[in-house]
Amino acid sequence: MLPRLFFGYFAIVMTVLALVIITRKNPVHSVLWMLVLFFHVAGLYLFLNAEFLAAVQIILYAGAILVLFLFVVMMLNLREEIVSERFGGAWPLGVSVGAFILVLIFLSTGNFVQGPVGKYSIEAIRAETQVKAVGTLLYTEYLFPFEVASLILLIAIVGAIVLAKKRS
Amino acid sequence: MNVLGITVPTGYELFINIAIILIKIAVVIAVTMFHVLYATYFERKVIGHMQIRLGPMRVGFHGILQPVADGLKLFFKEDIIPAQADKAVFKVAPLIPVFATISSLAVLPFFNGFVIANINIGLLYLFAMSSLAAYGVVLAGWASNSKYSFLGGLRSSAQVISYEVSMALSLVGVMLMSGSLNLTEIVRAQQQHWYGMYLFPQFVGYFIFVVSAFAETNRTPFDLPEAESELVAGYFTEYSGMRFALYYAAEYIGMIVMSCIAVVCFWGGWTLPPVLMNAVPALAVVPGIVWFLMKVYIHVFLYYWVRATVPRYRYDQLMSLGWKVLLPLALANIVVTSIVKYMAGS
Numbered sequence: 001m002l003p004r005l006f007f008g009y010f011a012i013v014m015t016v017l018a019l020v021i022i023t024r025k026n027p028v029h030s031v032l033w034m035l036v037l038f039f040h041v042a043g044l045y046l047f048l049n050a051e052f053l054a055a056v057q058i059i060l061y062a063g064a065i066l067v068l069f070l071f072v073v074m075m076l077n078l079r080e081e082i083v084s085e086r087f088g089g090a091w092p093l094g095v096s097v098g099a100f101i102l103v104l105i106f107l108s109t110g111n112f113v114q115g116p117v118g119k120y121s122i123e124a125i126r127a128e129t130q131v132k133a134v135g136t137l138l139y140t141e142y143l144f145p146f147e148v149a150s151l152i153l154l155i156a157i158v159g160a161i162v163l164a165k166k167r168s
Numbered sequence: 001m002n003v004l005g006i007t008v009p010t011g012y013e014l015f016i017n018i019a020i021i022l023i024k025i026a027v028v029i030a031v032t033m034f035h036v037l038y039a040t041y042f043e044r045k046v047i048g049h050m051q052i053r054l055g056p057m058r059v060g061f062h063g064i065l066q067p068v069a070d071g072l073k074l075f076f077k078e079d080i081i082p083a084q085a086d087k088a089v090f091k092v093a094p095l096i097p098v099f100a101t102i103s104s105l106a107v108l109p110f111f112n113g114f115v116i117a118n119i120n121i122g123l124l125y126l127f128a129m130s131s132l133a134a135y136g137v138v139l140a141g142w143a144s145n146s147k148y149s150f151l152g153g154l155r156s157s158a159q160v161i162s163y164e165v166s167m168a169l170s171l172v173g174v175m176l177m178s179g180s181l182n183l184t185e186i187v188r189a190q191q192q193h194w195y196g197m198y199l200f201p202q203f204v205g206y207f208i209f210v211v212s213a214f215a216e217t218n219r220t221p222f223d224l225p226e227a228e229s230e231l232v233a234g235y236f237t238e239y240s241g242m243r244f245a246l247y248y249a250a251e252y253i254g255m256i257v258m259s260c261i262a263v264v265c266f267w268g269g270w271t272l273p274p275v276l277m278n279a280v281p282a283l284a285v286v287p288g289i290v291w292f293l294m295k296v297y298i299h300v301f302l303y304y305w306v307r308a309t310v311p312r313y314r315y316d317q318l319m320s321l322g323w324k325v326l327l328p329l330a331l332a333n334i335v336v337t338s339i340v341k342y343m344a345g346s
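As given, the protein sequences belong to chains S and Z, one line each in that order. Under my numbering, the first residue of the first sequence is numbered 1, with each subsequent residue one higher. Under my numbering, the first residue of the second sequence is numbered 1, with each subsequent residue one higher.
Incorrect hints may appear among the rest.
Heads up, simulated EDC-like pairs for lysine to aspartate or glutamate below, C-alpha to C-alpha not over 16 Å straight-line [unchecked claim]:
hint, chain 1, residue 1, chain 2, residue 2
1, S, 119, S, 141
2, S, 25, Z, 185
3, S, 25, S, 85
4, S, 132, Z, 79
No lab work stands behind these hints: they were computed from the structure.
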């Protein structure tokens with residue numbers, strides 16, 4: 001009963017927060033509500049016994065990425081931004097596509113087949129600690145995708161520097 | 001279950017556990033707040049004497065009641081909110097750093113067995129909380145709708161993001177050596193060595209951590225976000241009364257938390273080096289909290305000492321120090337520590 005209540009709270013609050021974020025006229029307020037949303041996502045990770053992911057969620061999303069968002073949004077001319085219409089002309093199209101995907105998800109959840117149980121049960125992770133479990137997998141079994149992802153990020157960093165650098 | 005010799009009837013363990021945790025929280029917050037009050041007093045005293053002044057002398061013996069008088073004064077002051085400010089954000093902003101820094105206290109082991117939440121990711125949790133403290137500064141700068149606040153907020157967000165990276169990487173050496181993110185385990189792991197402190201093998205990491213901690217808490221020589229001579233008071237220029245006091249409290253709690261992290265990760269927490277304990281067995285009588293507090297006081301004193309000694313950095317120097325010196329140094333430290341650990345293990 002208690003886990004259901006807990007999940008229900010997170011699901012409802014996260015949905016409401018998502019709606020609040022996209023309807024704010026002031027972008028800084030949107031960013032702040034997003035901070036609250038990220039905390040709820042972290043709470044959901046904790047609920048799944050994934051304390052490492054919860055910490056990383058806060059450190060990276062709330063502590064770094066969102067601060068950079070805030071940094072950019074703060075520079076906007078808010079007087080113009082607040083007066084202008086929040087949604088573009090194409091919003092009915094967006095809502096219908098979203099509704100279509102939602103219906104698809106609802107239809108497909110009935111056919112959901114649970115995957116085979118791997119060796120990482122809750123007890124196994126608790127014995128090994130989650131950081132160790134994630135780290136070992138990441139650096140052995142998934143080393144190649146991990147390196148590819150880091151290479152892609154590196155390219156993005158170099159690209160950003162090249163774009164921002166003044167030509168003299 | 002047995003608490004203080006009294007057997008708890010079954011079915012009530014949960015309530016007793018919650019009560020114990022609440023009492024622990026109350027004790028830790030009360031002790032920290034007391035330290036915050038007297039950290040301000042000793043800062044003024046220490047810097048005063050370093051500059052051949054006396055510091056506060058009027059309230060009580062040698063000004064010993066000065067922080068109480070200051071606190072009362074700030075508490076009863078009018079809370080002014082600028083007309084053009086974003087009121088909701090302006091009101092919320094000072095609470096964020098206070099909550100973030102007080103929450104950090106939850107995972108710090110003060111002495112053997114005394115920690116509110118003994119979690120496996122203690123160190124990551126501390127990083128998460130210290131990264132949130134930036135919000136208070138950035139939002140205050142934006143919500144005040146004043147140019148001084150805004151410049152202070154911009155400076156601070158860039159500074160905190162830059163130094164956070166080096167700070168986190170400087171502690172990776174400690175994580176590698178101890179093989180754990182649990183702060184209690186880190187202290188225990190240091191006891192495995194005769195020197196009992198990671199300060200010696202991790203001196204590079206310690207140096208980077210201390211410098212980054214100064215920048216993270218916006219203290220001199222990295223106090224550009226609140227540079228008085230340029231920006232009035234930086235991000236909290238428009239704040240008054242209790243909300244102003246909250247920023248002050250957050251800065252001092254931040255200083256104490258950073259000192260505690262340094263003590264736990266590099267100075268062996270509540271323990272003394274085994275070599276010293278073996279040489280003088282009588283030291284075992286002294287409770288661990290005494291050593292812990294002494295080590296924290298040394299670090300807090302370091303903040304005052306540096307403030308009275310070093311002038312403020314220029315902004316571009318601050319940025320190049322963070323990105324071009326500390327970050328490569330921290331990365332090199334990780335590589336060297338990993339290699340040494342691998343060689344020692346094989």
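Here's how the hints hold up against the structure:
Only pairs whose Cα atoms come within 16 Å are accepted, and residue 119(S) paired with residue 141(S) is accepted, the gap being roughly 14 Å. Of the pairs offered as hints, the one joining residue 25(S) and residue 185(Z) is violated, with about 48 Å between alpha carbons and a cut-off of 16 Å exceeded. Note on residue 25(S) and residue 85(S): the hinted pairing holds, with a Cα-Cα distance of about 8 Å set against a maximum of 16 Å. The hinted pair formed by residue 132(S) and residue 79(Z) fails the criterion: a straight-line CA distance of about 49 Å is larger than 16 Å.
Taken one by one, the earlier hints fail for this structure at numbers 2 and 4, listed in ascending order.
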